[in-house]
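> One letter stands for each residue in the lines below.
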Amino acid sequence: MIKVFNLTKKYGNYEVLKGISFEIEKGTIYGLLGRNGAGKTTTMNILTGLIDYNRGEIYINGKMLDKNKRKPLEEIGYLPESPTFYTYMTGSEYLLFISKIRGIPYKKAKKEIDKLLDLVKLKEAANKKIQTYSRGMKQKLGLAVALLDNPEIIFLDEPTSALDPESRYDIFNQILEMKKNGKTILLSTHILSDAERVCDYIGILDKGKIIFSGKIKELKQKYALPIYDIVFENLPHNIKEKLNNVKWIADIKIKNDTVSIYINDIELAKKNILSELSKLDIPVISLQQRENTLEDIFIRLVKQNEYI
Amino acid sequence: MNTFKAYLKKEMLESWRQYKYLLLFIGIILFAILDPILLKLLPEILKSKINGDLASLIQIDIKSAVQNYIKDLNQVTLLIVLLTLMGSLSDEISSQKLIFPYSKGANLSSIVIAKILHYAVTISIFIIFGFIINYYYAVTLFSENIIAFKNVLISAALISIYYFFVIILLMFLSSIFKKGVLAALLVLMLHIISALLVNIDKIAKFIPYNLISLANSFTTENILTTIFSVLLYCIILSLLTIKNYKNNTFA
Ligand SMILES: Nc1ncnc2c1ncn2[C@@H]1O[C@H](COP(=O)(O)OP(=O)(O)OP(=O)(O)O)[C@@H](O)[C@H]1O
Ligand SMILES: [Mg+2]
Numbered sequence: 001m002i003k004v005f006n007l008t009k010k011y012g013n014y015e016v017l018k019g020i021s022f023e024i025e026k027g028t029i030y031g032l033l034g035r036n037g038a039g040k041t042t043t044m045n046i047l048t049g050l051i052d053y054n055r056g057e058i059y060i061n062g063k064m065l066d067k068n069k070r071k072p073l074e075e076i077g078y079l080p081e082s083p084t085f086y087t088y089m090t091g092s093e094y095l096l097f098i099s100k101i102r103g104i105p106y107k108k109a110k111k112e113i114d115k116l117l118d119l120v121k122l123k124e125a126a127n128k129k130i131q132t133y134s135r136g137m138k139q140k141l142g143l144a145v146a147l148l149d150n151p152e153i154i155f156l157d158e159p160t161s162a163l164d165p166e167s168r169y170d171i172f173n174q175i176l177e178m179k180k181n182g183k184t185i186l187l188s189t190h191i192l193s194d195a196e197r198v199c200d201y202i203g204i205l206d207k208g209k210i211i212f213s214g215k216i217k218e219l220k221q222k223y224a225l226p227i228y229d230i231v232f233e234n235l236p237h238n239i240k241e242k243l244n245n246v247k248w249i250a251d252i253k254i255k256n257d258t259v260s261i262y263i264n265d266i267e268l269a270k271k272n273i274l275s276e277l278s279k280l281d282i283p284v285i286s287l288q289q290r291e292n293t294l295e296d297i298f299i300r301l302v303k304q305n306e307y308i
Numbered sequence: 001m002n003t004f005k006a007y008l009k010k011e012m013l014e015s016w017r018q019y020k021y022l023l024l025f026i027g028i029i030l031f032a033i034l035d036p037i038l039l040k041l042l043p044e045i046l047k048s049k050i051n052g053d054l055a056s057l058i059q060i061d062i063k064s065a066v067q068n069y070i071k072d073l074n075q076v077t078l079l080i081v082l083l084t085l086m087g088s089l090s091d092e093i094s095s096q097k098l099i100f101p102y103s104k105g106a107n108l109s110s111i112v113i114a115k116i117l118h119y120a121v122t123i124s125i126f127i128i129f130g131f132i133i134n135y136y137y138a139v140t141l142f143s144e145n146i147i148a149f150k151n152v153l154i155s156a157a158l159i160s161i162y163y164f165f166v167i168i169l170l171m172f173l174s175s176i177f178k179k180g181v182l183a184a185l186l187v188l189m190l191h192i193i194s195a196l197l198v199n200i201d202k203i204a205k206f207i208p209y210n211l212i213s214l215a216n217s218f219t220t221e222n223i224l225t226t227i228f229s230v231l232l233y234c235i236i237l238s239l240l241t242i243k244n245y246k247n248n249t250f251a
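These protein sequences, in sequence, are chains G and V. Under full-length UniProt numbering, the letters of the first sequence match residues 1 to 308, in that order. Under full-length UniProt numbering, the letters of the second sequence match residues 1 to 251, in that order.
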C-alpha cells in the first residue's frame, strides 16, 4: 500500500531524513517510533503530500508521489500532531465544512458526521465553538476529520498525546476496528507500550535513518536479551572492574543492593553466569532473570546508534 | 468548485463571527452618513465661535459633500479596510489551519479566489450603498452645484475597482511576506506614493490611484484605459498570489 524507498529530506543544509526505506502492507498498522526531532512528523508531511522531498521514491497505492508537485492525495486521512481548525466554527460546522470540500451531499454528510462524533465521543460538544475545546477534544475532533469520507489510508501523528487513559483506550480500539475494515494505518508515537498494543509493524527512526523495521516480535527476539538481577549478601566493591572484561557482559548497573547485568550473548551468558559469579567468591542471596521491556530495547538501540 | 463554495461560505461565517462585516460597515457606510451632517453643522458651529463673515466663506454644496466622502474613502476607510483584512491570508499560510482542508483534497487556487471575491463583492456592495446614502444626504442638506446620480454611481464603481485592486495587492504581499502587518504597511505606502505619481500626466492613466482622481472629478473621459489597466494588474497579481500561496503554504 505504501512503499518508501531511499527517502531524503533536507531543511536547508540540515538533512533530516537520510535515505529511509520501509513498506506498509494493506490492512496493517505501522508504528513510527523515534525521539523528539527524529523526523516522524516530517515523514508524515511528505507522505501526505504536504511538503516536498529531495530524493527517493514514494509509492502510495501503486501511484508514485511526485517529489516536485505537491498534490493532495485523494483517499487519505491525516491527523497532524497539533490539529488546528477555524476556531470560530463549532465542531459539527467544521466537519460539515470539510464534507463540502469533498463534495458530499448535505444529508449524507449529516449522517456521517453524526456517526463520527459518536465514535470519538464528542457529541455533547458538537455545537460548541472549537475555541472552547481542550487539547484532547481537539485531537478527537481531528480524528473525526481525518476519518471523514472513509479514507483507505490513515496517517496519525501522535494520535493519543493529549488524551486521558479512557479516551486513549477508546481510540486504540477504534484504530484496531479500522484495521479490521481493511484500512492501512501509519501512526507515530513516543509511547512504546501504545505501539506494542496496536501496531503490527514498527519502524524506529533515529538520526535520519530507520534503524529497525519489522514486527515487534522480531525486534524482541533480536534485541530482547534478558537481564540478570543479582543480590549479594554484602555489595561487592569494584564489581564493575572485576567483570569488565567478560565478553558477554554489555553493561552493569547497581541500584540499591541489586546488581543488574546486561548481556549481549544469551548462549554464552547462560553457560557462564554461574562460574563468573563463583569466581567473585561473595555469598549470593538471589539470582533472577528478567525480560527486557520494549522501552529498554528502544533506548539501547538508539544509544547504539549514537556510537556509529 | 466544491472548495470554492465551501470557502465562500467559510469566509462569510468568519467575517460575521469575527465582526469583520461590522468593521467594514462602520468604515464605509458610517462616514457616508456622518460626513454630510458634519459639513452641515460645521458652519453653525463656527458661527458661534467666530464672527459671521468667515463662516459664510466655507461654502458647501452637493458636489463638495460627495467629494468629501471620496476623500474619506481613500484615507480613513482604507486604513480600516487594511486593518480588517490584513490577517486574512497570512494567518492561513503561517498557522497550520490548511492541513485538514488540504489533506482532504481542497484546491488552493479556489481558496485564494474565494477569499478575494468575497471581500471584493462585500466591499463593493458597501461602497455602492455608501454612495447612495451619501448622495441622499448631500441632496437633502445642500442645494447648489448638483451632480447627476448616474455620475455618483460611476464614481462608486471606480472606487470599488480601486478597492478590488487594493485587496488583491494586500493578498499578494501577504503571500510573499507571510506577515499581514507588513503587507498592509506596504499597501499603504504604495497608496501614498501613487497619489503623488498620479500627478505626472504621461503615466497617470496607468496608475490605479487614477481611479480615485477620476471618481473625484466626476468625468467619464478616458476612464477605460485606467479601468482596463487596473483589471489587468488584478489578474496578474491574483495569478502570482496563487503561485506564491502554493509554494509557501506548508514549506
Ligand atoms: N520547517 C522546518 N524548517 C527547518 N527545520 C525543520 C522544519 N521542520 C522540522 N525541522 C527539523 O527537522 C527535524 C525533525 O522534525 P520533526 O518535526 O519531523 O520531528 P518529530 O520526530 O516529529 O519530533 P516530535 O517527536 O517532537 O514530534 C527537527 O530537528 C526539526 O528541528
Ligand atoms: Mg512530530
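Since the hints were derived computationally from the structure, they do not count as laboratory data. Don't be surprised by glycine CBs; every beta carbon is placed ideally from N, CA and C. Hints are not guaranteed to be accurate.
Claimed, not checked - Calculated lysine-lysine pairs in the DSS-like style (CA-CA distance at most 25 angstroms, straight line):
{"#": "1", "chain 1": "G", "residue 1": "Lys253", "chain 2": "G", "residue 2": "Lys279"}
{"#": "2", "chain 1": "V", "residue 1": "Lys20", "chain 2": "G", "residue 2": "Lys128"}
{"#": "3", "chain 1": "G", "residue 1": "Lys242", "chain 2": "G", "residue 2": "Lys255"}
{"#": "4", "chain 1": "V", "residue 1": "Lys9", "chain 2": "G", "residue 2": "Lys115"}
{"#": "5", "chain 1": "V", "residue 1": "Lys20", "chain 2": "G", "residue 2": "Lys110"}
{"#": "6", "chain 1": "G", "residue 1": "Lys128", "chain 2": "V", "residue 2": "Lys47"}
{"#": "7", "chain 1": "V", "residue 1": "Lys9", "chain 2": "G", "residue 2": "Lys123"}
Said to hold, decoys possible - Computed footprint of chain G on chain V, listed as stretches where at least three residues anywhere in the stretch have a Cβ under 8 angstroms from a Cβ of chain G:
{"#": "8", "stretch": "8-18"}
{"#": "9", "stretch": "90-100"}
{"#": "10", "stretch": "103-113"}
> Confirm or reject each hint.
Structure-based check of all given hints:
no., hint, in the structure
1, G:Lys253 / G:Lys279, "holds, 19 angstroms"
2, V:Lys20 / G:Lys128, "holds, 21 angstroms"
3, G:Lys242 / G:Lys255, "holds, 18 angstroms"
4, V:Lys9 / G:Lys115, "holds, 24 angstroms"
5, V:Lys20 / G:Lys110, "violated, 29 angstroms"
6, G:Lys128 / V:Lys47, "violated, 57 angstroms"
7, V:Lys9 / G:Lys123, "holds, 24 angstroms"
8, 8-18, "holds (count 6)"
9, 90-100, "holds (count 5)"
10, 103-113, "holds (count 4)"
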